[in-house]
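**Q** Here is what each chain is made of, one letter per residue.
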Amino acid sequence: MAKRGWDEFEIGAMLRSFDGVSNDIATTLQEDRNYSQSNSFVASVADWRIAKPVFNKDFCIDCQFCWIYCPDMSIIARDKKMIGVDMDHCKGCGICVEVCPTNPKSLLMFPEQADEEAELSQWPAKDKETK
Amino acid sequence: MSEMKKIKNLKEFSTSADRFEGANLLCPGCAHSIIVREVLNATNDDLVLSASTGCLEVCTAVYPYTSWDASWIHIGFENGSTAVAGAEAMYKALKNKGRLKQPDRNPKFVSFAGDGASYDIGFQWISGCMERGHNIMHVVLDNEVYANTGGQRSSSTPIGSSATTAPAGRVSYGEKRNKKDMVSIMASHHIPYAAQVAPNKWKDMVKKIQHGFSVDGPVFINAVSPCTTEWKFDPKDTMMITDLATDSLVFPLYEIIDGHELNITYRPKNVVPVEEYLAAQGRFKHLFKDEYKYLIKEWQERVDANWAYLNRREEARV
Chain S
1 MAKRGWDEFE
11 IGAMLRSFDG
21 VSNDIATTLQ
31 EDRNYSQSNS
41 FVASVADWRI
51 AKPVFNKDFC
61 IDCQFCWIYC
71 PDMSIIARDK
81 KMIGVDMDHC
91 KGCGICVEVC
101 PTNPKSLLMF
111 PEQADEEAEL
121 SQWPAKDKET
131 K
Chain D
1 MSEMKKIKNL
11 KEFSTSADRF
21 EGANLLCPGC
31 AHSIIVREVL
41 NATNDDLVLS
51 ASTGCLEVCT
61 AVYPYTSWDA
71 SWIHIGFENG
81 STAVAGAEAM
91 YKALKNKGRL
101 KQPDRNPKFV
111 SFAGDGASYD
121 IGFQWISGCM
131 ERGHNIMHVV
141 LDNEVYANTG
151 GQRSSSTPIG
161 SSATTAPAGR
171 VSYGEKRNKK
181 DMVSIMASHH
191 IPYAAQVAPN
201 KWKDMVKKIQ
211 HGFSVDGPVF
221 INAVSPCTTE
231 WKFDPKDTMM
241 ITDLATDSLV
251 FPLYEIIDGH
261 ELNITYRPKN
271 VVPVEEYLAA
281 QGRFKHLFKD
291 EYKYLIKEWQ
301 ERVDANWAYL
311 NRREEARV
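Which chain is which? The protein sequence lines are S and D, in order.
Per the working numbering, residue 1 is the first one in the first sequence, and the count goes up by one each step.
Per the working numbering, residue 1 is the first one in the second sequence, and the count goes up by one each step.
Only chain D is shown next, with the shape it has when bound in the complex (with noise of 0.2 Å):
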C-alpha cells in the first residue's frame, strides 16, 4: 500500500499539484470541478478515471481538447462505473500474472457521473459494480436535474422543484415526487463506504475519501452540487447556497461503513430553516406563493424526520 498524503489544514493542502485543467466549459460557478478537484487532489497515487454522460463528460472532453491530467475514459451514459471496473479487474489481472510494468504504483480508480447517470440511466450498472465488489469509487455530483440536456427532471429531482419536464405553473408546482434516497440504497449492497458530502465541507470530503480510496472494495459517494443555471442563481453565490444545503440539514453529511454503521460527520452549530434554502433558489420561487405555502412546511417536516431517522440510526448501528 502507498502513503496516504496527509492533509492536515488548508494550507497544507494548497501545496497539491491540480490534475484538472482550466479552460473546460463548464459554466462559471459550477461546483462540479470544485468536488473533481478535492477528490483528485486527496491523494498523490495515479489514477484511472471515467465519466458517464453529463456536464462533466462533455465540458471537459471537447474535441481537441482534454482537460484531465491521468488517464479518463468515456463510453456512455450508463456505463461509466462498469468502464473503470473493468479497468480495474484488467489491473487485478495484470498483477496476479506479474505483467505490470510498475506493480508498486497502487492506482485509485474512481468513476464520476451526474444524478441522471447515476439515479435513473446508470443505475443497474452501479448497482452491478457494488454487487460485484470492484475496488472503485463511484462519485455522483448531484446536481438533481439533467442539466447538460436543459434541465429535465431526474429522480434525484426535489419536490416543488421546477424543472423543465415537470413545470410550475397555473395548474402544477413542478415535481411532485420525492427524491430517492441513494447513499442507503447503495449501503445496503453491504459496500464498505458509502458516504454524502458538500464541497463547502472540504476537510471533511477529504477525509471521506481517503477513507474511501483506502478501504478494499466498491465505494459510493454522493456529493451535492449547486447548478448555477438549473438552480437559478447567481454564480458567486454557489458557496453560499451549498452552506445553506448542509446547514439546513437538505442535505445531511453522514457515512454508512459496511452498510449499517451510520455516523453523522456534520451537525450545524446553528440550523438553518428550510425555507431560506428554498428562497435562495430560482426553482423554489414559485413556493413562495399563497396557494403554496403549505408545501414549505411539508419541506421541513420531510428535513426534520430524515434528521430524526439519520440519529435514530445512528444511534441503533443499523
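Bound-form chain S, shown alone (with noise of 0.2 Å):
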C-alpha cells in the first residue's frame, strides 16, 4: 500500500482483514484464508532481526512448545507437526530458543547473514554436562 501524508487520512478508518466474504476463520488455516492488503499478515518484519532462529527437525520433539509462546505467531505447527519458522514475521527474539527441551536443542539462533546450511551440518552435539 502505497505511503500517505498527513493530511490524506480518513477519520475513523475501518479496515478489512480479509477480501470478500469470510466465514468460520478460526478454523481456516492461514494459507486457504483471502487475505486483504490491509492485514498485517501481507507485511514484513523481517528487518528487525539481527538474529534468526535455525530450525534442525532432526531433533524436533513436536512438543510445540516453540508454537504456543512465540509472540509473532512464526513457528509453522500443521497436522501436530512443528513444519518450519515463518521469516516474514520472526522478529528474533529467541524465545522459540530458550523454551526448547531437547538436548541439543533443536532450534538455535544464528546472525541474520549466516548461512543456514552450514549451519546445519555443524550443529553442536548431545551436551552431557545439563541433563
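Check the hints yourself; a few may be wrong.
To be verified - Here are the computed lysine to aspartate or glutamate pairs in the EDC-like style, where the Cα-Cα straight-line distance is at most 16 Å:
hint: 1; chain 1: D; residue 1: 92; chain 2: D; residue 2: 104
hint: 2; chain 1: S; residue 1: 80; chain 2: D; residue 2: 12
hint: 3; chain 1: D; residue 1: 5; chain 2: S; residue 2: 24
hint: 4; chain 1: D; residue 1: 201; chain 2: D; residue 2: 247
hint: 5; chain 1: S; residue 1: 81; chain 2: D; residue 2: 12
hint: 6; chain 1: D; residue 1: 11; chain 2: S; residue 2: 62
In case anyone wonders, no lab produced these hints; they're calculated from the structure.
Source: prediction; values computed, not measured.
Join these two chains into a complex; the hints should help.
**A** This is the structure:
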C-alpha cells in the first residue's frame, strides 16, 4: 500500500482483514485465507532481526512449546508437527530457542547473515553436563 | 450454546488457526501477543473484540494495517470495556427481536486493556460493565507500568520498581505504594468469574478462559505480561521471567467464582525466593544496594502474607 501524507488519512478508519466473504476464520488455516492488503499478514518485520532462529528437524520432538510461546505467530505447525519458521514475521526474540526442551536444542539462534545449510551441518552435539 | 473447543494437550492446541497476525509492531519478546493468542485460540466461535489505548492497540492497528482477523474496535483509553458491552447489548436486543442473520453463531465478546487502562483510567467503566452484568470478558494485560508512553507508574506498579515518574536514585527507591488488588476488587462485584492467569501456564489459562466463555455474565481476567522494555530484561527471557513470577508466588494463579469461592489453581513444587524474581529484572536493580536491602525482606514478607491470605480464603470459602 502506498504511503500517505498526514492530511490524507480518513477520520475513523475501517480496515478489512479479508477480501470477500469470510466465514469460519477460526477453522481456516493461513494458507487458505483470502488476506486483504490491509492485513498485517502481508507486511514483513524481517528487517527487525539481528539474529535468526534455525530449525533442525532431526532433533525436534514436536512438543509445540515454541508454537505456544512464540509472540509473533512465526512457528508454523501443521497436523501437530512443527514444520518451520515464518521468516517474514519473526522478529528474532529468541523465546523459541529458550523454551526448546530437546538436547541438543532443535532451534538455535544464528546471526542474520549466517548460511543455514552450513549451520545445520555443524549443529552442536548432545550436551552431557545439563540434565 | 455452541460446542466448547476441545483442547487436551499442546499438540491438539497447535492445530488452531491463529486469528491474530504477525508483523504487528509489538517489541520482540513481548508477552502481550502470547496472551492474546492463548485467549483467541481457546475458542472457535466468532469474536467481537476491543482494545483500550495501550501497547496492544497502538501496535496492532497501525494504519493502513490491522493484525486482527475478527471484528475489532478501538475508541478511547477508558472505554474499551463499554464499547464491547454496547456491542453485546445490541447483539442481545437484535437476538430478542429475531433480526440476526445467523442467530446460531453465538459470538464471544472480549475487551483487552493494559493495566493503565484497567487499574487507573478505565476503572469506573469496567466497574460499570461488571455491575450491569454484560456477558463480556475483560482481559487485563498487566505489565505494571504505562509501557506505551515511556514507563510512567500506574497503580499496578509494585513497591521498589523504578518508573520514569517514580525513578530510583539518591533520595528514593522508586515506587512507594503497593499494587492494587484488582482481582479482589472485581470479584467484589459478585461477578460469576474472576481469575489471575499467566501465559507460561497455558493449560491453566485456556481452562480459565473457556470457563469464562461458558458462564453467563461478566468475567474479569488479570494476566501477567512481562515487558522486556520497562522491566529491563533480554527479550529471550520473557518466559523465564514469567516462570519466576508464578513460582515465586508474586503472581499466584487463582480464580474466584461468584465473588466468594476462591480456588488456587497452581501450587509451585519448588517455591523460588522473591529475591530471584527481583534480581532478574533491571527495574529492581537498585534494591540490591546495601541501603535498600531491607526492601527485599519486606517484599518476601508481603508475598508470603498474600499467599497465606489466599490459602485461608480457599479454605474458608469466603
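**Q** Decide, hint by hint, whether the structure agrees.
**A** Structure-based check of all given hints:
no.	hint	verdict
1	D/92 x D/104	13 Å, holds
2	S/80 x D/12	7 Å, holds
3	D/5 x S/24	14 Å, holds
4	D/201 x D/247	11 Å, holds
5	S/81 x D/12	10 Å, holds
6	D/11 x S/62	8 Å, holds
Hint compliance for this structure: no hint is broken.
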